[in-house]
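Kindly generate the complete structure, drawing on both the sequences and the hints.
Number of protein chains: 2
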Amino acid sequence: MKTDLDSIMQSNNIDALLITGSAQHNPAMVYMTGGGHMTGDLIKKRGETAVVFCNPMEREEAAKSGLPTKSLADYKFQDLLKAAEGDYVKALAARYSRMLTELGVTSGRVALYGKIEAGLSYAVFSALQQAMPGLTLVGEVGGSVILQAMMTKDAPEIERIRQMGRITTGVVGQVADFLTSQHVREGVLVKSDGQPLTIGEVKARINLWLAERGAENPEGTIFAIGRDAGIPHSTGTPSDLLRLGQTIVFDIFPCEAGGGYYYDFTRTWCLGYAPDPVLALYQDVRAVYDQVISELEVNTPFNHYQKRTCQLFEAQGHPTIQSNPQTQDGYVHSLGHGLGLQVHERPASGATAAADDLLAPGVVMTIEPGLYYPDKGMGVRLEDSLCVHSDGRFEVLAPYPLDLILPVKA
Amino acid sequence: MKTDLDSIMQSNNIDALLITGSAQHNPAMVYMTGGGHMTGDLIKKRGETAVVFCNPMEREEAAKSGLPTKSLADYKFQDLLKAAEGDYVKALAARYSRMLTELGVTSGRVALYGKIEAGLSYAVFSALQQAMPGLTLVGEVGGSVILQAMMTKDAPEIERIRQMGRITTGVVGQVADFLTSQHVREGVLVKSDGQPLTIGEVKARINLWLAERGAENPEGTIFAIGRDAGIPHSTGTPSDLLRLGQTIVFDIFPCEAGGGYYYDFTRTWCLGYAPDPVLALYQDVRAVYDQVISELEVNTPFNHYQKRTCQLFEAQGHPTIQSNPQTQDGYVHSLGHGLGLQVHERPASGATAAADDLLAPGVVMTIEPGLYYPDKGMGVRLEDSLCVHSDGRFEVLAPYPLDLILPVKA
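Taken in order, these protein sequences are the chains called D and F. For the first sequence, our numbering assigns the number 410 to the last residue and increments by one with no breaks. For the second sequence, our numbering assigns the number 410 to the last residue and increments by one with no breaks.
Think of the hints as simulated: they come from the structure by calculation, not from any bench. Just so you know, not all the hints are guaranteed correct.
It does not matter which identical chain is meant; a pair holds if it fits inside one copy or across any two.
[What the hints assert, rightly or not] DSSO-like mimics (lysine-lysine), calculated; alpha carbons at most 27 Å apart, straight line:
| # | residue 1 | residue 2 |
| --- | --- | --- |
| 1 | LYS307 | LYS76 |
| 2 | LYS64 | LYS376 |
| 3 | LYS70 | LYS376 |
| 4 | LYS307 | LYS82 |
| 5 | LYS90 | LYS376 |
Nothing here was measured: the structure is a model prediction, and the numbers come from that model.
Right, here's the structure in full:
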């Protein structure tokens, strides 16, 4: 939780955080500043309030963070550039060096954050490391202080994710109503003008309905039918028609405008009817979904339920990545992931999960078992986002029916 | 231009490009792959076709790029992790080392790209550099091969930006129609229910209308009135009312869905009437806008027109950042910037412009002079996006009236 930052820094032996980049669609910066139309730097020394460094043009935006701000203009970049004989990277490193020194960060371990160009990070922070040998710049991966803090959410964060869940399921309901109100001709949905409806048109409406509710959809939507549904991350072919009796995997993961909190949700639908093999596949996934949700216990390693899911699917006779890491049939991904300012964050449930990737109170995570048979032209996934309450209760943040079949007009 | 990549690599002494991260909202990866719902790596050796490395789950998405793909699963990350004694960073570096070696990139200079976490870049590429001392990893800044290629656009790219321009001005027209169709009470716009209209409501409609046209708005919109309009990058206060006779700076910069090509556009509006000082400020900006546009010549350094703009504004009696780099009154920013897969790219017009930041054929850039007086509660900016044709002609990609006053109902 954000209030734990200082203690997490302490236990990870980190003396300061240096975050750079935009305050939009940049999780670490959004986490610390609350977002806003601003690009700059943020330095937090352990035990002290974070300071935002920004362009004077963006000073009022930066001030909305409630944090103290400093103007980057005060560091006279043109002079630094001259002193560095035109070397832009060295000049940027010199500016960081002044900023850090001013805040008293001249020794110890400084962890780096911010979604920026890889070349810029590598060059500037290598130069900074050279310019300040007393510091150790740390590119934490996995065990990152910020990701660790983000792993448990406080009540206002959970409320924001819940609100995104309401928006998400509201739009899912609109999509269901829209599909069931179409006509059927020769086994596909057709619009009132008699033209067949396409997946591209459905996706356009999803974006529209999300925007109407004030959400953004930067990562797109998976709306995949038939064989595409059997490939977990195929997003669907825009020209595909809405054919009856085929699995549609509808995975939707929008966020607050400006790149804030996400929700993540999947249903599998079959229009009109489900052929027996599809129904059987759905029932297998549904049984595992129900079973795993019923077994969830607070403070258990998330990876425990990944193993359990593999065990359950294998007992049903499906291949899984546990029995064959290369399989592209059966259960081929991990059970879920933490959810917050990123669609995928800690805790992890897969093979890379750390020892402290627990279902601790405050965790918000997805549970999303699925089975895929691309060569049989079908796939089923069911996904909800849950939060873990301090009393050990698990709550689906935005409940929505799990039904497979969407009725169509006779 | 993309077709110049090999020759730009040659002249920048770069033997290979290594791009990482998502193929959405990640300009270098979108540039090379065309986008898609995929996260992975791309390596391009000079003179050879780029190769995409992706998760097997995303193989069909990656294949849409038309580039050869390889599965990251073939590199057996769990084995690499074991060999690195659980060190995630070292294991990632070892995987890069295998990928590069496989493509015959074992010596020379490799430039790094991709919008990912700064800590990850710094750690993994420092480890890769250590693991492959025969290579030189290069974090190019400013003079980057990709940014240099991106600086001039081919015909399909210009057409995509022009299409985003049509969408943008279409929405701007909807906003103008919406505002002029409201009623006025006590000097502010009110809706049919008698409640005052707020900037927050106008922004919600902008997002909705952009989504209706299939665009995304990941960086938000500036819609700022009065004092906010006098602060160039204030995005506007959602609860502010639409008051007659005050400057509204409306700066809109949406992109194609999935993080593709952007457009960038600003108008300054005054509802009902313009007080004399506002009208005078507008006329000064308009005169400089017209003058600068009339003087544009192909292959001239963009920075030449920044100096010229300062000269013109100073002749009108306004302070500029040329006479006082710290000023927050008058002309406080640069004249424009290249536009493409990023809102701001090369060529640059400001103090950091490089010698080759020219208005070459194929360049798409903004021209956006403005004057700001926050303490007088006003600001004016006019911005269009232009492309440079090979015959030396400059074309505003999406023309729209520059008028200041939006009439309101009597």
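For each hint, the structure was consulted:
{"no.": "1", "hint": "LYS307 - LYS76", "verdict": "between (56 Å within a copy, 19 Å between copies)"}
{"no.": "2", "hint": "LYS64 - LYS376", "verdict": "between (54 Å within a copy, 22 Å between copies)"}
{"no.": "3", "hint": "LYS70 - LYS376", "verdict": "between (60 Å within a copy, 24 Å between copies)"}
{"no.": "4", "hint": "LYS307 - LYS82", "verdict": "between (58 Å within a copy, 20 Å between copies)"}
{"no.": "5", "hint": "LYS90 - LYS376", "verdict": "neither (57 Å within a copy, 39 Å between copies)"}
Of the hints listed earlier, the one the structure fails to meet is number 5.
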